[in-house]
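Peer 1: Sequence:
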Amino acid sequence: GCDHITLIFDKGNNSKEAFATLDGSAFHFVGSLVPSQHADLLAIPLKELRPLPNPRLEGCSAYRTEKVVFGQKRTILITYNDHLLEGQMQGIQASLAKARRRLDELQTTLRRRQEGRLKLGRAPTVESVGGQVEQILSGQFLKKLIQCEVSDGKVPALTYYTDTAALARLTRTQLGKTILFTDNTQW
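Per my numbering, the sequence shown runs over residues 1 to 187.
Here are the computed lysine-lysine pairs in the DSSO-like style, where the Cα-Cα straight-line distance is at most 30 Å:
hint: 1; residue 1: LYS143; residue 2: LYS154
hint: 2; residue 1: LYS98; residue 2: LYS154
hint: 3; residue 1: LYS73; residue 2: LYS16
hint: 4; residue 1: LYS143; residue 2: LYS47
hint: 5; residue 1: LYS67; residue 2: LYS16
hint: 6; residue 1: LYS11; residue 2: LYS67
hint: 7; residue 1: LYS11; residue 2: LYS73
hint: 8; residue 1: LYS47; residue 2: LYS67
hint: 9; residue 1: LYS144; residue 2: LYS98
The following label-pair restraints were derived from C-beta to C-beta distances:
hint: 10; residue 1: THR171; residue 2: ARG56; range: 18 to 28 Å
hint: 11; residue 1: LEU46; residue 2: ALA165; range: 11 to 21 Å
hint: 12; residue 1: GLN107; residue 2: HIS28; range: 49 to 59 Å
hint: 13; residue 1: LYS143; residue 2: LEU57; range: 32 to 42 Å
hint: 14; residue 1: LYS11; residue 2: GLY116; range: 45 to 55 Å
These are calculated hints, taken from the structure and not from any lab test. Because the structure is a prediction, the values reported are computed rather than measured. Even for Gly, the Cβ is constructed at its ideal location relative to N, Cα and C.
Can you make the complete structure from the sequences, with help from the hints?
Peer 2: Pasting the structure below:
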């Protein structure tokens, strides 16, 4: 007995085939898009977003546009939320602290081996140290935020730094934002 049914999708369910099936049905949808796949939408500056009028949504703003997504023109809503940004920044700071701690431990191990104070196990290679660095930086955004260099020598050496410009860029363009899309053009 429903005249209008709207399905809600997480970005993990997105596929061209799924939306082609929906386009041929009576169902409508709202979904989210993977932000990193839509740099053009992330490039829209926060000053273009407008605060939402509902007092319960204080700290939230939005920008409405259209874009072809999965082969069809869709209504796009870019939202920004102060609370989402705070949560993301807490998570990023925790991830950065953990990664730095692990990189420091790796540096210490390499230095001790270089000084001859550690002789256990296989001697590290540039490739093996690079693999460890890759694993340490496997968390979201870490490869963008921590720059590492493994140099060759009798024992490889590791240097790294946190790219604060990359963090500022990420904060300015992506953090706090969600990109929604729908075929409900009248909303």
